[in-house]
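Input sequences plus hints: build the corresponding full structure.
There are 2 protein chains.
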Amino acid sequence: MVTLAEVAQRAQVTAATVSNVLRNPQKVKPTTVERVMAAVRELGYRPNLTARALAEGRTSTLALMLSNISNPFYPEFVLEAETAARRRGYFLLVCNTDDNPAIARAYLDKIAGTLAAGVIVMNTDVSAGELADIAQRGSALVLCMWESAQATRALPCVTVDYTHAGGLAAAHLYELGHRRIGALLGEGSGGPQSVRLRGFVEALAARGVAADAVKVHACRDSIEAGYDAARALLSEQPKLTALFATNDLMAIGAIQAAADIGKRVPQDLSVIGLTNIHLAHQFRPALTTVGFPTAAIASIAVALTIDRIEGIKPKRDAYKVPLAELVIRDTTAPAPKASRRK
Amino acid sequence: MVTLAEVAQRAQVTAATVSNVLRNPQKVKPTTVERVMAAVRELGYRPNLTARALAEGRTSTLALMLSNISNPFYPEFVLEAETAARRRGYFLLVCNTDDNPAIARAYLDKIAGTLAAGVIVMNTDVSAGELADIAQRGSALVLCMWESAQATRALPCVTVDYTHAGGLAAAHLYELGHRRIGALLGEGSGGPQSVRLRGFVEALAARGVAADAVKVHACRDSIEAGYDAARALLSEQPKLTALFATNDLMAIGAIQAAADIGKRVPQDLSVIGLTNIHLAHQFRPALTTVGFPTAAIASIAVALTIDRIEGIKPKRDAYKVPLAELVIRDTTAPAPKASRRK
DNA sequence: CTGAAAGCGCTAACAC
DNA sequence: GTGTTAGCGCTTTCAG
Numbered sequence: 001m002v003t004l005a006e007v008a009q010r011a012q013v014t015a016a017t018v019s020n021v022l023r024n025p026q027k028v029k030p031t032t033v034e035r036v037m038a039a040v041r042e043l044g045y046r047p048n049l050t051a052r053a054l055a056e057g058r059t060s061t062l063a064l065m066l067s068n069i070s071n072p073f074y075p076e077f078v079l080e081a082e083t084a085a086r087r088r089g090y091f092l093l094v095c096n097t098d099d100n101p102a103i104a105r106a107y108l109d110k111i112a113g114t115l116a117a118g119v120i121v122m123n124t125d126v127s128a129g130e131l132a133d134i135a136q137r138g139s140a141l142v143l144c145m146w147e148s149a150q151a152t153r154a155l156p157c158v159t160v161d162y163t164h165a166g167g168l169a170a171a172h173l174y175e176l177g178h179r180r181i182g183a184l185l186g187e188g189s190g191g192p193q194s195v196r197l198r199g200f201v202e203a204l205a206a207r208g209v210a211a212d213a214v215k216v217h218a219c220r221d222s223i224e225a226g227y228d229a230a231r232a233l234l235s236e237q238p239k240l241t242a243l244f245a246t247n248d249l250m251a252i253g254a255i256q257a258a259a260d261i262g263k264r265v266p267q268d269l270s271v272i273g274l275t276n277i278h279l280a281h282q283f284r285p286a287l288t289t290v291g292f293p294t295a296a297i298a299s300i301a302v303a304l305t306i307d308r309i310e311g312i313k314p315k316r317d318a319y320k321v322p323l324a325e326l327v328i329r330d331t332t333a334p335a336p337k338a339s340r341r342k
Numbered sequence: 001m002v003t004l005a006e007v008a009q010r011a012q013v014t015a016a017t018v019s020n021v022l023r024n025p026q027k028v029k030p031t032t033v034e035r036v037m038a039a040v041r042e043l044g045y046r047p048n049l050t051a052r053a054l055a056e057g058r059t060s061t062l063a064l065m066l067s068n069i070s071n072p073f074y075p076e077f078v079l080e081a082e083t084a085a086r087r088r089g090y091f092l093l094v095c096n097t098d099d100n101p102a103i104a105r106a107y108l109d110k111i112a113g114t115l116a117a118g119v120i121v122m123n124t125d126v127s128a129g130e131l132a133d134i135a136q137r138g139s140a141l142v143l144c145m146w147e148s149a150q151a152t153r154a155l156p157c158v159t160v161d162y163t164h165a166g167g168l169a170a171a172h173l174y175e176l177g178h179r180r181i182g183a184l185l186g187e188g189s190g191g192p193q194s195v196r197l198r199g200f201v202e203a204l205a206a207r208g209v210a211a212d213a214v215k216v217h218a219c220r221d222s223i224e225a226g227y228d229a230a231r232a233l234l235s236e237q238p239k240l241t242a243l244f245a246t247n248d249l250m251a252i253g254a255i256q257a258a259a260d261i262g263k264r265v266p267q268d269l270s271v272i273g274l275t276n277i278h279l280a281h282q283f284r285p286a287l288t289t290v291g292f293p294t295a296a297i298a299s300i301a302v303a304l305t306i307d308r309i310e311g312i313k314p315k316r317d318a319y320k321v322p323l324a325e326l327v328i329r330d331t332t333a334p335a336p337k338a339s340r341r342k
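Just so you know, the protein sequences line up as chains A and B, in that order.
The first sequence begins at 1 in the numbering used here and counts up by one.
The second sequence begins at 1 in the numbering used here and counts up by one.
Mixed in with the good hints, there may be bad ones.
List of simulated lysine-lysine pairs, DSS-like, C-alpha gap at most 25 Å [claimed, not checked]:
| # | chain 1 | residue 1 | chain 2 | residue 2 |
| --- | --- | --- | --- | --- |
| 1 | B | K110 | A | K27 |
| 2 | A | K337 | A | K263 |
| 3 | A | K110 | A | K239 |
| 4 | B | K263 | A | K263 |
| 5 | A | K239 | A | K215 |
| 6 | A | K110 | B | K110 |
| 7 | B | K263 | B | K239 |
| 8 | A | K110 | B | K239 |
| 9 | A | K263 | A | K239 |
| 10 | B | K337 | B | K263 |
| 11 | B | K337 | B | K239 |
| 12 | B | K337 | B | K215 |
Since the hints were made in silico from the structure, they are not lab data.
A quick note: this is a predicted structure, and the numbers were derived from the prediction, not measured.
This is the structure we're talking about:
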């Protein structure tokens, strides 16, 4: 491995000068710069980022902690986060906790502040309180996509307006004439996605649909679980004309369940999801859903984390990205005539 | 940040002893161990992995370079690789090249041998020759899932037997009576997936189906591209009774295309994919496919990389994981009677 | 504008 | 068993 010292020797200067050439070339005489750069090229010198990190007292690595990357939302998020990080000269360490708080803690304990200068923590089973302690010790932690975290200036949270997102779904179904509506409440890591559901129920209530008219079934956040839950819910409540799922995976499972019990989507049953993962438009019928601005969330989370690393104080506790938008595709339609109230 | 020296001072020993307690406790007197551990606990000491890496001359980080993590095969792979790495005390840096060789080179240049002790390089647009040069410089590079790389002892490759995988698909369709067969040839990063196709065509040839009877259409490796390609192929060749896609995404697109032009799958058209991503069984109709042993591939690639980092020489150039297996689901059926030859 | 020197936090010989 | 010492490769004052 070629070191700074070797480059320095070859260019007839000291290591300090080489370092300057590489970092603040304007502070060095042009002819020297040229000589040093020549040596760098000839020797094929590449800075040792580990040594640099030690000397600077901070690494150029960010960690992204998530519960399970095989949930398709995360790869989409990782892609955006990695791109944002790369643009600012940072690398991204992926920490998959496998829904296991012990793994999450072990990761945090090992990397926060040493291997990774900052950590973006997606919804996990580690409590925000515990994370706040770690943040207190000086690590740049940023929560992301937590549905109900008590964000503080020391532990800010980047998220979307889940209530609003749920409300958009409600408004859409209401306007299509649906009144007998079921809901699948997802339970990912970090607890149930109940804010989304609350937003949904409240928006219906505001339109005169009683909250207890919404039949809710809880399940894990996956296609398979959504399938099972929808089957159960639809057999208990055969008159439902629409189903809201707090995330797209469950909505897709619900569509499959409907097909298997002979209900056509959207003619007999409308289904709407939340998130707008790629699969939502790739699946058939293409899923109507409320889209999250994934790229924006990721890049804000990355930017906020880097700002904290670099000592820039956050201006707010929570960063709500409000741009959830309704994406109408092929799984929602007007409520069947027979069931309409008005 | 609490340092070794502070722990040492508190425990009335030197830094070297603390280091020993943490790394080779059996070499230290039990009472000392206890005293040191107490100090560690009281101070909340956590080793600085950057400093350790610099001192040891190597990091405990692996990089995984892939073209685009939003292709659902990769998250599944990342999950397995990360788990395997974690078990051996390594962290995983995800390097997404966005199908851009310049990004790949930049990553390699920056991290190989400095930030990451080893790099697993998935199929990319950077040539194996170029990678071999980098490997020569001493970085632990391991190729993974390359379809046609000239693996060497200095640059080994972990992969599956693509020919065999293609052959399994061919045998299945043949046994169902299909003779008019189309193929979608995927073009991911790193070139066309032609070994899979060759295996498919050769296996058919071995059964007496002429190679030029297989109508091939090339396209990108995605659901959308598979959809377009299948539509085009099926309209050119309306008598096809079966379609082989060199990967599952394209197969899923093909199923959607068939539906849109009024062909029922599998009654009118059988479709078989390759890889067995999660989506293959989540999709409806559930996709018949040839499965890759993703977990095995990932863990072998990780193990091989770590072995190289730790100085253990690879025994072979190429590691072919031969366990591709046929997974029969709902998209393949006997060829329609009208079209059967025998 | 460049060089000298100290030090980031830890490890690893080698003494004692 | 434990301490001493010398780095790992780089950055960063501070002199000159």
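Here is how each hint holds up against the structure:
{"no.": "1", "hint": "B:K110 with A:K27", "verdict": "24 Å, holds"}
{"no.": "2", "hint": "A:K337 with A:K263", "verdict": "15 Å, holds"}
{"no.": "3", "hint": "A:K110 with A:K239", "verdict": "53 Å, violated"}
{"no.": "4", "hint": "B:K263 with A:K263", "verdict": "22 Å, holds"}
{"no.": "5", "hint": "A:K239 with A:K215", "verdict": "11 Å, holds"}
{"no.": "6", "hint": "A:K110 with B:K110", "verdict": "23 Å, holds"}
{"no.": "7", "hint": "B:K263 with B:K239", "verdict": "11 Å, holds"}
{"no.": "8", "hint": "A:K110 with B:K239", "verdict": "60 Å, violated"}
{"no.": "9", "hint": "A:K263 with A:K239", "verdict": "11 Å, holds"}
{"no.": "10", "hint": "B:K337 with B:K263", "verdict": "15 Å, holds"}
{"no.": "11", "hint": "B:K337 with B:K239", "verdict": "12 Å, holds"}
{"no.": "12", "hint": "B:K337 with B:K215", "verdict": "21 Å, holds"}
The structure is inconsistent with the numbered hints 3 and 8, although it conforms to all the rest.
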